[in-house]
Amino acid sequence: AMSGNSGIEVHTSTGTTIGGTAAGAGNVIADNTGDGVLLAGILGTLSTGDLIEGNKIGVLANSTASGNTSNGIEIQYTSGLAVFGNTIKNNIAAGIDVHNATGLTIGGTALGASNVISDNTRAGISMHVVDGPEVIGNTIESNGGSGIYGTSFSGSTAVFAENTIKSNSSSGIYVASSSVTISIQGN
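Residue numbers (the working numbering): 713 to 899.
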């Protein structure tokens, strides 16, 4: 999707899938003047149970760089969102930017679950006001900010495990202002 704003924009949804693992299911989302993907609920009405999987965001099908002018993926007011098996590169802001989310999973240990998040101008993953995120098994490298940058975690334990985090311009993992247990293991 190449457009004048966000490549794909979804608001207050339940069970929406963007992409997939079947042949031809993944989207190429590049060269937009907004976010590659914007998935947002509103305060009091969350987007729930959504999936972003198997997409190329900020890169063309032939792997040519073609970043979006804002974030690769922007997430706001969501519950139970999973982000699996995407390539998120070359975006002018963060690879993934998250505000106000619960039950967020980025990557995993299952075959095809890990994301490649690299060469974004700001952080690979930026998270603010998130309850119990799990960031597992991703490759997060060569971003212009931290690999993972997070503030204001609450609720359940925040887990950062088994990620390959290297060559970012700032901290590999930066966490602040948390009222819960933070688990950083095996990275």
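Worth double-checking, as some hints may not be accurate.
[As the list claims (entries may be wrong)] Listed next, with one range per pair, are the computed distances between beta-carbon atoms:
(1) Thr776 / Gly756: 38 to 44 Å
(2) Ala734 / Leu772: 17 to 23 Å
(3) Ser854 / Ala735: 28 to 34 Å
(4) Ala737 / Gly898: 29 to 35 Å
(5) Ser854 / Thr724: 33 to 39 Å
(6) Val841 / Gln897: 32 to 38 Å
(7) Gly824 / Thr893: 34 to 40 Å
(8) Ser864 / Thr833: 18 to 24 Å
(9) Gly898 / His840: 23 to 29 Å
(10) Ser775 / Ser879: 26 to 32 Å
Hint data in this document are derived by calculation from the structure and do not stem from the laboratory. The beta carbon of each residue, even a glycine, is placed where N, CA and C say it ideally should be.
Output the numbers, in ascending order, of every earlier hint that fails for this structure.
Result: hints 6, 7 and 10 break, sorted rising.
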